[in-house]
Amino acid sequence: MTAARKLLRRIAPQLITLVAVILLVSLYYPDFYKVVLVNDRLVGIPIDVLKRCAPVALLAIGMTLVIATRGIDLSVGTVMAICGAAAAWSIDQGYGLWGALAIAGAAGLVCGVWNGILVAVLGIQPIVATLILMVAGRGIAQLITNGTILTFDSDAFSYLGSGTLIGVPVPTVIWILTGIAVGLLVRRTALGLLIEAIGVNLRASTLAGINSKVLLIAVYVASGLCAAMAGIIATADIRGADANNAGLWLELDAILAVVIGGNSPLGGRFSIVASLLGALIIQTINTGILLAGFPSEFNLVIKAVLVIVILVLQSPRLMLLQDPVHLPFLRKRAAPTPPAEVRK
Amino acid sequence: MLLSTRDLTKTFPGTKALDAVNFDLKAGEVHALLGENGAGKSTLVKCLTGAYRRDSGDILFDGRPVFPQSTLEAQAIGIGTVYQEVNLLPNLTVAENLTLGHQPRRFGMIRPRAMQALAEEMLQGYGIDIDVRRQLDSCSVAVQQIVAIARAVHLSGRVLILDEPTASLDAREVAMLFDVVRGLRDRGLGIIFISHFLDQVFEISDRLTVLRNGRHIATHPVADLDRMQLITAMLSHELQHTTSHRLQRSADTSGDAIRFTGVGRRGRIAPFDLTVRPGEVIGMAGLLRSGRTESAEVLFGAVSSDSGTVTDARGAVDLHNPRSAIAAGFGFAPEDRKTDGIVAELTVRENIILALQARQGWARPIRYAEQLRIADDYIARLDIRTPDAEKPVGLLSGGNQQKVILARWLATHPRFLILDEPTRGIDIGAHAEILRLIEEVVARGMSILVISSELDELVAVSHRVIVVRDRTHVAELTGADVDSDRILRAIADPHASAEVAA
Amino acid sequence: MMKRTLMASVGALSLCAAAASAQTTVGFSQIGSESGWRAAETTVTMQEAETRGITLQFSDAQQRQENQIAALRSFIAQGVDAILVSPVVATGWDSVLEEAAEAEIPVVLLDRMVDSSPDLYLTAVGSDLVHEGRVAGEWLVEAVAGEPCRVVELQGTTGSSPAIDRKAGFEEGIAGADNIEIVRSQTGDFTRAQGKTVMEAFLQAENGGADICALYAHNDDMAVGAIQAIKEAGLVPGEDILVVSIDAVPDIFQALAAGEANATVELTPNMAGPAFDALAAYFADGTMPEKFIQTESRLFTQADDPQGEYDRHKDLGY
Numbered sequence: 001m002t003a004a005r006k007l008l009r010r011i012a013p014q015l016i017t018l019v020a021v022i023l024l025v026s027l028y029y030p031d032f033y034k035v036v037l038v039n040d041r042l043v044g045i046p047i048d049v050l051k052r053c054a055p056v057a058l059l060a061i062g063m064t065l066v067i068a069t070r071g072i073d074l075s076v077g078t079v080m081a082i083c084g085a086a087a088a089w090s091i092d093q094g095y096g097l098w099g100a101l102a103i104a105g106a107a108g109l110v111c112g113v114w115n116g117i118l119v120a121v122l123g124i125q126p127i128v129a130t131l132i133l134m135v136a137g138r139g140i141a142q143l144i145t146n147g148t149i150l151t152f153d154s155d156a157f158s159y160l161g162s163g164t165l166i167g168v169p170v171p172t173v174i175w176i177l178t179g180i181a182v183g184l185l186v187r188r189t190a191l192g193l194l195i196e197a198i199g200v201n202l203r204a205s206t207l208a209g210i211n212s213k214v215l216l217i218a219v220y221v222a223s224g225l226c227a228a229m230a231g232i233i234a235t236a237d238i239r240g241a242d243a244n245n246a247g248l249w250l251e252l253d254a255i256l257a258v259v260i261g262g263n264s265p266l267g268g269r270f271s272i273v274a275s276l277l278g279a280l281i282i283q284t285i286n287t288g289i290l291l292a293g294f295p296s297e298f299n300l301v302i303k304a305v306l307v308i309v310i311l312v313l314q315s316p317r318l319m320l321l322q323d324p325v326h327l328p329f330l331r332k333r334a335a336p337t338p339p340a341e342v343r344k
Numbered sequence: 001m002l003l004s005t006r007d008l009t010k011t012f013p014g015t016k017a018l019d020a021v022n023f024d025l026k027a028g029e030v031h032a033l034l035g036e037n038g039a040g041k042s043t044l045v046k047c048l049t050g051a052y053r054r055d056s057g058d059i060l061f062d063g064r065p066v067f068p069q070s071t072l073e074a075q076a077i078g079i080g081t082v083y084q085e086v087n088l089l090p091n092l093t094v095a096e097n098l099t100l101g102h103q104p105r106r107f108g109m110i111r112p113r114a115m116q117a118l119a120e121e122m123l124q125g126y127g128i129d130i131d132v133r134r135q136l137d138s139c140s141v142a143v144q145q146i147v148a149i150a151r152a153v154h155l156s157g158r159v160l161i162l163d164e165p166t167a168s169l170d171a172r173e174v175a176m177l178f179d180v181v182r183g184l185r186d187r188g189l190g191i192i193f194i195s196h197f198l199d200q201v202f203e204i205s206d207r208l209t210v211l212r213n214g215r216h217i218a219t220h221p222v223a224d225l226d227r228m229q230l231i232t233a234m235l236s237h238e239l240q241h242t243t244s245h246r247l248q249r250s251a252d253t254s255g256d257a258i259r260f261t262g263v264g265r266r267g268r269i270a271p272f273d274l275t276v277r278p279g280e281v282i283g284m285a286g287l288l289r290s291g292r293t294e295s296a297e298v299l300f301g302a303v304s305s306d307s308g309t310v311t312d313a314r315g316a317v318d319l320h321n322p323r324s325a326i327a328a329g330f331g332f333a334p335e336d337r338k339t340d341g342i343v344a345e346l347t348v349r350e351n352i353i354l355a356l357q358a359r360q361g362w363a364r365p366i367r368y369a370e371q372l373r374i375a376d377d378y379i380a381r382l383d384i385r386t387p388d389a390e391k392p393v394g395l396l397s398g399g400n401q402q403k404v405i406l407a408r409w410l411a412t413h414p415r416f417l418i419l420d421e422p423t424r425g426i427d428i429g430a431h432a433e434i435l436r437l438i439e440e441v442v443a444r445g446m447s448i449l450v451i452s453s454e455l456d457e458l459v460a461v462s463h464r465v466i467v468v469r470d471r472t473h474v475a476e477l478t479g480a481d482v483d484s485d486r487i488l489r490a491i492a493d494p495h496a497s498a499e500v501a502a
Numbered sequence: 001m002m003k004r005t006l007m008a009s010v011g012a013l014s015l016c017a018a019a020a021s022a023q024t025t026v027g028f029s030q031i032g033s034e035s036g037w038r039a040a041e042t043t044v045t046m047q048e049a050e051t052r053g054i055t056l057q058f059s060d061a062q063q064r065q066e067n068q069i070a071a072l073r074s075f076i077a078q079g080v081d082a083i084l085v086s087p088v089v090a091t092g093w094d095s096v097l098e099e100a101a102e103a104e105i106p107v108v109l110l111d112r113m114v115d116s117s118p119d120l121y122l123t124a125v126g127s128d129l130v131h132e133g134r135v136a137g138e139w140l141v142e143a144v145a146g147e148p149c150r151v152v153e154l155q156g157t158t159g160s161s162p163a164i165d166r167k168a169g170f171e172e173g174i175a176g177a178d179n180i181e182i183v184r185s186q187t188g189d190f191t192r193a194q195g196k197t198v199m200e201a202f203l204q205a206e207n208g209g210a211d212i213c214a215l216y217a218h219n220d221d222m223a224v225g226a227i228q229a230i231k232e233a234g235l236v237p238g239e240d241i242l243v244v245s246i247d248a249v250p251d252i253f254q255a256l257a258a259g260e261a262n263a264t265v266e267l268t269p270n271m272a273g274p275a276f277d278a279l280a281a282y283f284a285d286g287t288m289p290e291k292f293i294q295t296e297s298r299l300f301t302q303a304d305d306p307q308g309e310y311d312r313h314k315d316l317g318y
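If you're matching them up, the sequences are chains A, B and C in order.
Using full-length UniProt numbering, the letters of the first sequence correspond one by one to residues 1 to 344.
Using full-length UniProt numbering, the letters of the second sequence correspond one by one to residues 1 to 502.
Using full-length UniProt numbering, the letters of the third sequence correspond one by one to residues 1 to 318.
Pairs of lysine-lysine, DSS-like flavour, derived with a Cα cap of 25 angstroms: (1) K338/B / K213/A; (2) K231/C / K34/A; (3) K338/B / K391/B; (4) K303/A / K34/A; (5) K16/B / K391/B; (6) K6/A / K391/B; (7) K303/A / K167/C.
Beta-carbon label-pair distances, calculated as ranges: (8) E239/C / V19/A: 39 to 45 angstroms; (9) L184/A / D311/C: 48 to 54 angstroms; (10) L8/A / D377/B: 27 to 33 angstroms; (11) R64/C / R111/B: 38 to 44 angstroms; (12) G96/A / A313/B: 57 to 63 angstroms; (13) G96/A / D305/C: 30 to 36 angstroms.
Reference excerpt, derived from the structure (chain A facing chain B, CB under 8 angstroms, subset only): (14) S205; (15) G209; (16) R269.
Just so you know, these hints were derived from the structure itself, not from any lab.
Owing to the predicted nature of the structure, the values given are computational and were not obtained by experimental measurement.
Note that CB positions come from ideal geometry on N, CA and C, so glycine has one too.
Work out the full structure: start from the sequences and follow the hints.
Here it is, written out as structure tokens:
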């Protein structure tokens, strides 16, 4: 099987889910597919989805790597707020675009190193280790902004949130390029394999000579940097750093994206593409709810129902979406699925 | 007949795991179930206990057909099982483990005194004297096994299946367990005993049944059979590669030796000296937790030494962690394959190239074609039974997993390979192949340290044998002194060791 | 400690005397500083106390009721002349309010209510959320002057009382005008980011925004986010789409000054001024105030010197 075919097979459930969700939304909003060029920028619901999913997509990239090591990073939403606040503060202090990017990136790096050291060196369980920053970090962000929405005036910085590059929103360009870059980084080098190995069996991997401590710190740093990018986009988007609300609960959406992407929360095999599709699925649902015109009391219920349906359809017990019998175009030969119980 | 199967058949995709198997268990006997890995022992047990649903055939209990759908139903019928890995709750007390699910209650509240009394009553006749209020994981593995047996007997009461119960017990503990098993047999229970240790089979069993490739081969009273006949029944091929082969005792003494001087780790293993010469097999004998594995961990840097030096012809060797040990040309196949060895979800190919890739670093990936070439090469050379290199290694049998780990290290072309219990829990065929492999690589100049509980095996492959007791290297036997009796004496008797060492 | 308790009883006995003197001491238990408005309320309360020559004991409860109750007990023990409190939750105040009543210290609730008997506090100062929405609605009716107008609404956090009341009030305000119709209404969670996101979806859904005549946002932050979305869609906020919101935070005054917003209804951070006035009257001759003092919901438009209002508001801590 070629690599492309393998990838297609891996992400087939997510692709099918995405198509199904889009079809569902377009039942309520038939103009869903309409994309037009207005003032040299593409405008339309699909473009909106591709733009609005940027923060969750970026967080999901880092989260995929962390979850592959059998970890979890609850702090990403808070790190977004910290990095956004740091960026806005830097602009406010006159450090300019590059200064702001450097300072925000450094803040994300420091947060990632902090989490990584707690997990890899001190051996604290990831959920506890990252909870510390999740809770305390928002206070740090509020200190930076003095508890207010710190607004700034910088067209160069705002461009990152609301500008376009040959018609495509800049946040979309950023998350797609980041996804490709990280995807290539882990798959064209041995990083992906080594991350999967420590996720499946940390001790065996260490005994096989993998530098698991450094690798663990690295995935939390990657997550911190992704959160920094997400925070920069969110801040640039509203031209202000909202320490109270930026990235609030987004860590949960990011985890959800990874899980909808079919990545096991128990670590091991991962697919960044599938997680990104998960983020797109979540955002399509979010945007669809806004378009459908239901009273807002139903928003969370609709989202919850759809997510439950998706996860149930993807569950190992049902395997409806994984079963190659349902995907004749992907099937080489009529091989029966392996039994759930494996013969010893 | 207490328990029988008639034409029991179970098919998995691609294989017939059980092919019309007839098996009989009488009340008041210990019946050993033997066969290589993959012969169908586990499948038979799982059908009997309801973990698998059979395709066809009957299971008769007291002559009546039964259809257990789960282990709980099997228990209710009267069939209890104790597995190698004790499946009790380590953080509860002995009493809680024994009575879990049927604790004495009053008004819905558990009565601790009555629970303890019940637990003590359940342990009567098992010859162990422990405080049932102790937490289970503070007890030895043998005691945990006996607790598991007591629970299973209490809940089912007629048939007891023991699946590799002795795998992690030392000799004294095995004797203790066998006393319990004999007691239960005398009370009229039918006991199915599965083990890879033939000595133990001969010691405890009344009858034995051999399975091979899912088929019933033979059932005999143990007294009618000798070791040779039994092994012949278990193996489909000839016996030329069993443990009887003796290695040529001609280690190269001139080459580049690795000298460990005074290395050790406080609380784990007392400082010791060791010189490892090229082409030499060093055996290491001792009871479980005597310091064997601890020595290996220090030698490999898995636990860094807090004293001493390591040198070779080029100078000091850095061994502060496994990475540096691997860089120095060391390899280590640990005792516990599942937790320390295999990376179960990854494929055979990925497991084989893992150490090589880790040594090269993440930035220099081994190309896929090259990975496949290495994997296929070792799959062929070590006769790893897998459909292809892309099968998750966790789905292979124990012996094949062990070969994959050996392949992982051989692929790094180490000069010193440490094998901790390389043949534990694997079938006789794989066993012989692994021993042959040791000879082969040693002939090409590699040095090997083998830790094993099987003394015959150590005698067969080793140039010299180090005996470990109480976290200290107590004796080293070389040349003609390497024989089972001497090793046994050194392990057992503190005075004998001084004699031997002198 | 003994000494303090002693002083407390003395303080309680000489309540009227203390009130007459210039050195009135008032304890103020604030919820925290979770929003810019809350920070401004704290600032204004301090300013109001200072101009009246009142000594203010300030305590920040950091969103925890137990901190607030502890602060109230400490005020009672210190024998302050009166207590201001912005209760973080509505329930669980009976016993500490009874203690204050026993010590004869009047308590004034600021901006939020409690579920206790009204006998246990002197009065409550707050804004009428429904009234705020009504003022915004009435402004819109006047502004469109009978022209047909399709309105989109950005609600506050679903289920919160400001969201429910400001929605109801706005609907009352436009009730008589058949030309005005709310065509889309979704929650923007009171945040700038969600305000922008939801407005983008509204613009998409309403023919690129061409079908939208006005935006009503339950708070200014969402309006500010929505204004950015309108601009990015190539429309002119304040002209192509009228923008009316509630709160009157500094950023909306900037938008008003720039012509990008049209009106805002003030939720005044000055709850303490009316409270101090009521206390002064009570101390002077025992006048019992009404049980609820409603603050003014003042409407600001582009004509109301928005730049000047911005300068006056920006240092209040929003």
